[in-house]
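Chemist: Each chain, letter by letter, is given below.
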Amino acid sequence: MNATVRWLVRRLLLTVLVTAGAATVAFAGMRLTPGDPVRTLLGSPPTPELLRQVRHELGYDRPLLEQYGLFMGRLLRGDLGHSYQLQQPVARVIGDQLWATLELAAAGFLLAVTVATVLAVATAGRRPALRRLAVALELLAISTPSFWTGVLLLTFFAFRWQVFPVISGSGPQGLVLPAVALALSLVGVFAQVLREGLERALEEPFALTSRARGSGETAVRIRHALRHALIPMITLSGWCVGALLSGAVVIETIFSRQGLGRVMATAIAGRDLPVVTGVVVVSALAFSVINLAVDGLYRVVDPRLRGAAL
Amino acid sequence: MTGRRSLGVAAAAAMLALLAIAVVWPALLAPHAPDAVDPAAALAAPTSDHYFGTDELGRDVFSRVVHGARPSVAIGLGATAIAVVLGSLLGVLAAVGGRVVDEAVMRVADVFLAFPGLLLALLVVAILGPGTGNAMLAIGCSLTPGFVRLARGQALVVRDSDYVRAAITLGAPRPVIYLRHVLPNALPPLLVLAMVNVGTAIIAGSSLSFLGLGPKPPTPEWGAMLSEGRDFLEIAWAMAVFPGLALTVAVVSVNVVGRTLQRRFEGRLPHVGR
Amino acid sequence: MSADEDAGTARALLTVEALDVSFATGRERVHAVRGVGFEIRPGECLAIVGESGSGKSVTARALMGLAGQGSSVTAKRLELDGEDLTRIGDRRWRELRGGKVGMVLQDALSSLDPLRTVGAEVAETLRNHRTVPRDERRERAVALLEQVRVPDPRLRARQYPHQLSGGQRQRALIASAMAADPPLLIADEPTTALDVTVQARILDLLSTMKDAGTAVLLISHDLSVVARLADRIAVMHEGVFVEQGTAEQVLRSPSAPYTRRLLAAVPSGRARPAGGAASRDGGNAPASGNGSPPEEILAVDGVSKIYPRPDGTRRPAVDGVSLTLGRGEILGVVGESGSGKSTLAGLVLGLQDPDAGTVSFLGTPWSHVPEPRRRPLRGRIQFVHQDPLASFDPRYTVERVVTEALGSPGRRAVRRRRDEIAELLHRVGLDASLLGRHPRRLSGGQRQRVAIARALAPRPEVIVCDEPVSALDVSVQAQVLDLFADLRASLGVSLLFISHDLGVIHHLSDRVIVMREGRIVESGPVDEVFHRPAHPYTQDLLAALPQPTTTSDAAPA
Chain A
1294 MNATVRWLVR RLLLTVLVTA GAATVAFAGM RLTPGDPVRT LLGSPPTPEL
1344 LRQVRHELGY DRPLLEQYGL FMGRLLRGDL GHSYQLQQPV ARVIGDQLWA
1394 TLELAAAGFL LAVTVATVLA VATAGRRPAL RRLAVALELL AISTPSFWTG
1444 VLLLTFFAFR WQVFPVISGS GPQGLVLPAV ALALSLVGVF AQVLREGLER
1494 ALEEPFALTS RARGSGETAV RIRHALRHAL IPMITLSGWC VGALLSGAVV
1544 IETIFSRQGL GRVMATAIAG RDLPVVTGVV VVSALAFSVI NLAVDGLYRV
1594 VDPRLRGAAL
Chain B
182 MTGRRSLGVA AAAAMLALLA IAVVWPALLA PHAPDAVDPA AALAAPTSDH
232 YFGTDELGRD VFSRVVHGAR PSVAIGLGAT AIAVVLGSLL GVLAAVGGRV
282 VDEAVMRVAD VFLAFPGLLL ALLVVAILGP GTGNAMLAIG CSLTPGFVRL
332 ARGQALVVRD SDYVRAAITL GAPRPVIYLR HVLPNALPPL LVLAMVNVGT
382 AIIAGSSLSF LGLGPKPPTP EWGAMLSEGR DFLEIAWAMA VFPGLALTVA
432 VVSVNVVGRT LQRRFEGRLP HVGR
Chain C
21 MSADEDAGTA RALLTVEALD VSFATGRERV HAVRGVGFEI RPGECLAIVG
71 ESGSGKSVTA RALMGLAGQG SSVTAKRLEL DGEDLTRIGD RRWRELRGGK
121 VGMVLQDALS SLDPLRTVGA EVAETLRNHR TVPRDERRER AVALLEQVRV
171 PDPRLRARQY PHQLSGGQRQ RALIASAMAA DPPLLIADEP TTALDVTVQA
221 RILDLLSTMK DAGTAVLLIS HDLSVVARLA DRIAVMHEGV FVEQGTAEQV
271 LRSPSAPYTR RLLAAVPSGR ARPAGGAASR DGGNAPASGN GSPPEEILAV
321 DGVSKIYPRP DGTRRPAVDG VSLTLGRGEI LGVVGESGSG KSTLAGLVLG
371 LQDPDAGTVS FLGTPWSHVP EPRRRPLRGR IQFVHQDPLA SFDPRYTVER
421 VVTEALGSPG RRAVRRRRDE IAELLHRVGL DASLLGRHPR RLSGGQRQRV
471 AIARALAPRP EVIVCDEPVS ALDVSVQAQV LDLFADLRAS LGVSLLFISH
521 DLGVIHHLSD RVIVMREGRI VESGPVDEVF HRPAHPYTQD LLAALPQPTT
571 TSDAAPA
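Chains A, B and C, in that order, are what the protein sequence lines are.
According to this note's numbering, the first sequence is numbered sequentially starting from 1294.
According to this note's numbering, the second sequence is numbered sequentially starting from 182.
According to this note's numbering, the third sequence is numbered sequentially starting from 21.
Hints were generated in silico from the structure; no laboratory data involved.
The C-beta atom is built at its ideal place from N, Cα and C for all residues, glycine as well.
One or more of the hints may lead you astray.
[As the list claims (entries may be wrong)] Covered, in the sense of this in silico footprint (three residues per stretch, anywhere, with C-beta under 8 Å from a C-beta of chain A), are these stretches of chain B:
hint, region
1, 291–299
2, 367–374
3, 389–403
4, 410–420
5, 423–431
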């Protein structure tokens, strides 16, 4: 238990450090922007008077280090700044849009994991022709950009056959096409990693030993090999969060869905930096927390790690 | 079995050759100029003259797809090159620079790794503004931390390997050992990762263009063309479908060839990663 | 073939006649087992002995219908307990596996699923065969662990394989194989990964089970292990049985030449084989005479090295070790795994500095000196280690490996030094035609010879050998050991020879030190230590040493 506590303290510190680092990078980015953010904010050429006043209000006339301190202090209190374009606090913008993105990400993730598991368990170490077909399909899925799958799905399922709505509203009907497009970008990688893990585990002596105890093929796969195959899947979690978020940016735009991704895309196009940094800091935090949880999950799945302090 | 596989690889290699021609000398393949406007023929379906149809200004989609190869490939290759060079330098620095340097480099890499996926690239573009060069730089930055990690790990594995120990016992000076054994053995896995990453970088570049953050409009680019075509899905499906097809075929070919080379390399290096 | 006197008392449990196993690889079929036949009766142990690749494991797996993908198994007769195994389906096979035949593999760490508790692994057999109701499985698993004498079985059942010692794991694996009480147990190299003292106890356990009426099919490459347990022995070579008979017959008066080669290659812990390499060269070797002590070229004085362990505590891997090595002398270092032998090698080679104590080489300080001071002398102390392949740059051919040791591995150097290289290869018994090859295309014995050639290239005074033969098959082992003895005799090179294998050490060394947990517990001339061991640990080690040619096992128990 001692080792676990030490591990937890270390990991928590690291999470705080990484998030603070990410916020610092975001701050630096904001201040490094070519051009005056206040001019962008005010739009039409302002009087020098107004410029000075707004600058003062936003604290841009203070020393950089003090600005940094104020920025970090506001972050701690959950204040992410004020959107130039939307005239709203960034925190509220994110809060409003978060749910839609989470819904999409969760649906896409679950769909991808389910399909990948079935595909991998069914084809790992089995008939070469079947396996080769699965490998080719996965490579295709990995190589296909999600915005193209999105467009194809729209063209056929929404416009041509009109099975699903073109503009995905909030209903479950509208979630289907975006979730499929998002899942397709994950499923190839998941299935590959799972199959490789399964095949490696099935080659291990413990799989042979289990067969020698009279276990059937399915039992060996599910009881023994699948857990081993899950371990490399956990290492993928970082990549997976990234893929889900980047996928959301593109897919929400294609399907005209609400969500963080679309807010982000609009904000970048309009150079609404507070929103961009806000989304970036929040995702970095979410990412770090998910990584922490996943590291913990590692220790649950693999008992060999429980004694390790790192 | 091997026959069928090498057939696939040959097809992929042929596609890459076509891609290379499209990048170097697009006029050889494209029947029309990419910016030749013909309002009379706008939004036409594929014909024998316009293989992929025309767009809303009557420009030939096929010719634009051919010309669109250059920016896509440039972003993909350029970003990967940035990531390999920057990543290997920093990674090797971390491995040989002692504890303090190692901690510093790796913690900074951790911070950058905490920007999931495209996010770092989006932040960089938001700061620098859109454009081909900026997109390349942005994607290069977002790929770099992965290379830092691999380069450091690789340098450590090789440094602590038995063959480097054998070279030490033979009395070889340290710089000689680094040049003769560490560098050549640490590099191939990095190049393999680079090859596998080119496809990812091409997709990322097109994603940025798709969001309007890539090359400026009249320039044909696959992601941007797809985005334009989105508004005409009902009337001219070809406008959005073919640029995406070109992109997918290019990335599949890069990945197929990349993986084949990866298998070759890993077969040749039985001790890497042990 | 079988012992006739038993024929009336017991019916054969397993009968195998003309067993063939082949594998499809690409377009060809490779025959791994050809025309093998044998019988096993209840309470009897048949051992199949052979080197790696002889087909012994494939034979064992074929008996469980687990020969693997792409295999084809045919037999004139294959009967278990009167049931014809050649005409049963998948379902019946599953009932037989674990139910009527139990299997124990080598290396229990990877044979038990590392992600499941030991109890769950033992209970899996019970679950598959519905031996006991669901809610009694855990209790029965604990009872089974107790039966195979795993200490503290209730705790162990809740733990994971990595938390158990090697011997306990092997016992747990045996418990899981025996859970459904099968009349036949197949043990495939059951003791190979274990230290000798533990090995002996596992063999005792198998022996009790045999006495209780279980038929045992023992697969091993190690004749000395086989001699402890087997009633009958079959010797397998390249897929066929070259000899089969009672243990006494095969070990005492082998008829096949291959068996004789195998027996001759087993290094005995008790007596040096007459005409063995060490005694043959004994007259020439400067150190083995009983005259004045040889010139001292390496001195290790009270060295310690401390490593942090994964759980955060610090433990000395080497603790106050002192030794000296004379010119032309062979000093054996013996100890079980984890005794600090390899750390000692690193200290002697100057790859690490000790935390306490000093090393001096050729009369000059060798530890705690800057690397440029060590460099000019480096060539004079060389290293040969257990896994030669890992010690070669993966891009290098044999030629470049050796040339690097002569100076630089460049192509010009290769041309200039062709004669030197050829001579080195000749000295280690390698053909010059291998020069252009990559080491990974060589056999284990050839690789080790290349490593030795490289070590010889800078004309060293001392070669440190860390388990140089333990990864090799026994017959190859003997050849490589002979090569070491030859080199000492002809070149006068000193060896610090590290091994866990007492037989190997006895075969080669002049003096020996015994290490345990980083300390030297005993040292002295090799015959003295082996015949009159003073320390209880040395006595344990020697007592645990299997003896291939005694007949004590044949005596009634």
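Chemist: None of the hints should be skipped; say for each whether it holds.
Modeler: Comparing the hints with the structure gives:
no.	hint	result
1	291–299	holds (count 9)
2	367–374	violated (count 0)
3	389–403	holds (count 4)
4	410–420	holds (count 5)
5	423–431	holds (count 4)
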